[in-house]
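Visitor: Chain residues, written in single-letter form:
Number of protein chains: 2
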Amino acid sequence: MIKPSIPSGTRDFGPVVVRKRNYIFQTIRSTFEVYGFQPLETPAMENLSTLTGKYGEEGDKLMFRILSNNDDKLAAAKAAASNKEMSSILSDKALRYDLTIPFARYVVMNQQELTLPFKRYQMQPVWRGDRPQKGRYREFYQCDADVVGSNSLLNEVELLLIYDTVLTRLGLQGYELRVNNRKILSGLAEVIGKQELLTDITISIDKLDKIGAEGVRKELAARGLTDADITTIEQFLAISGTSEEKLAQLKTLLAASETAQKGIEELSFVINSGYAPFNTAPIIDVTLARGLNYYTGMIVEVKAPATVKMGSIGGGGRYDDLTGMFGMKGTSGVGISFGVDRIYDVLEELKLFPEATQQSTKVLFLNLGEASARAAFSYMMQLRARGIAAELFHESAKMDKQMKYADKRGIPYVVILGESELQENLLSVKNLVSGQQEKVSAAAFAEMTF
Amino acid sequence: MIKPSIPSGTRDFGPVVVRKRNYIFQTIRSTFEVYGFQPLETPAMENLSTLTGKYGEEGDKLMFRILSNNDDKLAAAKAAASNKEMSSILSDKALRYDLTIPFARYVVMNQQELTLPFKRYQMQPVWRGDRPQKGRYREFYQCDADVVGSNSLLNEVELLLIYDTVLTRLGLQGYELRVNNRKILSGLAEVIGKQELLTDITISIDKLDKIGAEGVRKELAARGLTDADITTIEQFLAISGTSEEKLAQLKTLLAASETAQKGIEELSFVINSGYAPFNTAPIIDVTLARGLNYYTGMIVEVKAPATVKMGSIGGGGRYDDLTGMFGMKGTSGVGISFGVDRIYDVLEELKLFPEATQQSTKVLFLNLGEASARAAFSYMMQLRARGIAAELFHESAKMDKQMKYADKRGIPYVVILGESELQENLLSVKNLVSGQQEKVSAAAFAEMTF
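In the order they appear, the protein sequences are chains A and B.
Those letters in the first sequence? Residues 1 to 450, per the working numbering, in order.
Those letters in the second sequence? Residues 1 to 450, per the working numbering, in order.
Looking at chain A on its own, in the form it has when it is part of the complex (with noise of 0.2 angstroms):
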């Protein structure tokens, strides 16, 4: 007999942590819901063709493929040439990875049906192989919005505003939504005069916290970058002061570039635009340069609070041409992703899960003997159609072991109907929390509150 065990990087999620995460699913639902998008729910597994080459490299190696039960493709499998082309005979499809692409292939299926834009939520598992380390699994949830087929910033401005309204309701405090975009970091590459370098320079940009800016005028030295480049890098660094003198120094160092002024004006909009009463306003952050192979537009990072230790909890960017890699052309989207398992982590430890989540069993009827267990069930009925979950212990036995089941299960409140209630017509309700016992009569029971 082996020891049963799960699949290294995945997890179960018990009452206690389903109910939490539920809380967490449920409050960026009702938000995506209540800013009118939509919801979708794509299969699990995908075709090979519609996910290889999206993801990179990496991503094509980390994908969880289906291996075929086809005893034919095993014969053939043991004739190929190379691994790369046995796992392509053992498999055509894959798990998913993402949701953008299952997204985007979506759209391109159903673009005869859809009402542009089309304003889509979606909340459901991916699988990646990575070597599983604390906060990384192999099988975890995203949660995205998307809008597809609008130009429009508006869209911009109400997804930082769903980030806002979730992060506020979940009762976080101090986090912050970091935006940027991808139009001032091409131009800053454009204005120096070697867009070619833009990788470079990002990538080096963006280590500016760990490596500081000599660490950084070093890298950027060694690849190629000129004094005067570095210069101009080091005074786009530098940038500092209110949103508002932010995008006027960088209107003005960046005045070359067509481009950058096309972005700082995006920037300014979505952020600047007085649309949206923020409970906590955008920064303006120049070296956010997350998803710089896909972004087009503007590109948004959501930091947990300074006070833990967690980094990014959700992002999001516009991509000029989402639908473009399955063959429709020229549909631009844009949309944000909620980092779930690590808002878990942050509410936990902040201690800001309302009790209200672990809402299970109210009452407890104990059951001692049948003239007891058959009076308890009716009035368990009763609660039960009113709503409040209640139980009938599954056998008559002793009270004490009753009443630690009802101590183990958490739940608050017992009601005792023995040989005296019941010639009474009463129920003796005890609460577990306070410790008070009343006994109530049965129109007295079919009022209370628990």
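Each hint should be verified, as a subset may be incorrect.
No copy labels: a pair is met if it fits in one copy or bridges any two.
The list that follows gives simulated cross-link-like pairs (lysine-lysine, DSBU-like), each with its CA atoms no further than 30 angstroms apart [said to hold, decoys possible]:
{"id": "1", "residue 1": "Lys54", "residue 2": "Lys3"}
{"id": "2", "residue 1": "Lys218", "residue 2": "Lys54"}
{"id": "3", "residue 1": "Lys303", "residue 2": "Lys398"}
{"id": "4", "residue 1": "Lys329", "residue 2": "Lys408"}
{"id": "5", "residue 1": "Lys210", "residue 2": "Lys430"}
{"id": "6", "residue 1": "Lys430", "residue 2": "Lys404"}
{"id": "7", "residue 1": "Lys134", "residue 2": "Lys251"}
{"id": "8", "residue 1": "Lys329", "residue 2": "Lys262"}
Hints listed in this document are in silico derivations from the structure and should not be mistaken for laboratory results.
Since the structure of chain A is provided, determine the placement of chain B on it from the hints.
Guide: What follows is chain B alone, placed relative to chain A:
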């Protein structure tokens, strides 16, 4: 460019369908909760050692295995002597095939912390490589409730009540809760003196509807049963009348079998205990033999209303040794499962989905230029704060185009903030269903329900 597609047997669920499915899930979930069941979620992938051999040979074949992407394993697989060996080298994980085995695995892994009886529910997709056909998919949801660690028949009563409650809440009438007990079928074989033919007998009995009494007689004879045996079986099949009458007839016919008497007693308690105020009383069906490989007590099957050709929409039973396969002996389980896809089809056919399941965006604010959009945005945020889903059209466009969007999306109200409304500080609210339009003050708007 390959036209994108999804794997055969899988489905995308668009907004309308997700909302209808969520209505079913939510009805089931809230009923499970009110009966004191607790949520559990297990990983999509399980180790093959957990799954293999648990679902018969067919199950092992239909499981979706995960291909290892370890290059050493690919090389080793090439040298494998058989396809079976090759598969087992290439894969050590597979996708969840049902929810019962992962539940048993979870119970065994967490036995130290669990309070027994443990009443859990689980609503997650499972994957099976069946040949896809109408109503049969390779990815589908199961919704299970099980109690582990209690022999009390009160659990059976409660599980039947859950079926009754859920189906009633879904607005279904005319469904049938058919119940039987494995011990009664065993007792029949025992009375005949041919316990080894139990499976043969029940397979034939199960075909009564299809092949008629004469067909059953022929089959039984072919399986080696004597005329006397067949006469007993025919008497068994002829049992009829009210539940009390059926139970009395069974008692007499199977008087010689202690096992049968125990089964009759259990069945009597389950359907006849007087505990349960069923909306639709369970029916004794002595031919019911599903899950005979694992069920040891009650067997239940739920039939859709006869007006829809659907057959079973749920089923379950008691299995005396749920966790024995993972080394934890003597722990009994009893559970039920809802067939959500079929329930969906039944509700669709009978037009039982409430309109409210499609509640999405209630109010569209027209975008009539910047001044209008700014005012609209502010009113829109007020609605959202009140929990009312609202949208501002993403760009300033012709009114026609915006009205068409509202129409296609099924948004019932449109708010117009034209020049005159802005000047008068009023809002024009148009009900697109009735066609009525009225001008209201900001204060009145803040009180409106949609």
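Visitor: Next, verify each hint and record whether it holds.
Guide: Evaluation of the provided hints:
no.: 1; hint: Lys54 / Lys3; in the structure: between (39 angstroms within a copy, 15 angstroms between copies)
no.: 2; hint: Lys218 / Lys54; in the structure: neither (33 angstroms within a copy, 61 angstroms between copies)
no.: 3; hint: Lys303 / Lys398; in the structure: neither (53 angstroms within a copy, 40 angstroms between copies)
no.: 4; hint: Lys329 / Lys408; in the structure: between (58 angstroms within a copy, 23 angstroms between copies)
no.: 5; hint: Lys210 / Lys430; in the structure: neither (58 angstroms within a copy, 56 angstroms between copies)
no.: 6; hint: Lys430 / Lys404; in the structure: within (14 angstroms within a copy, 59 angstroms between copies)
no.: 7; hint: Lys134 / Lys251; in the structure: neither (42 angstroms within a copy, 61 angstroms between copies)
no.: 8; hint: Lys329 / Lys262; in the structure: within (22 angstroms within a copy, 70 angstroms between copies)
This entry does not satisfy hints 2, 3, 5 and 7, going by the numbered hints stated previously.
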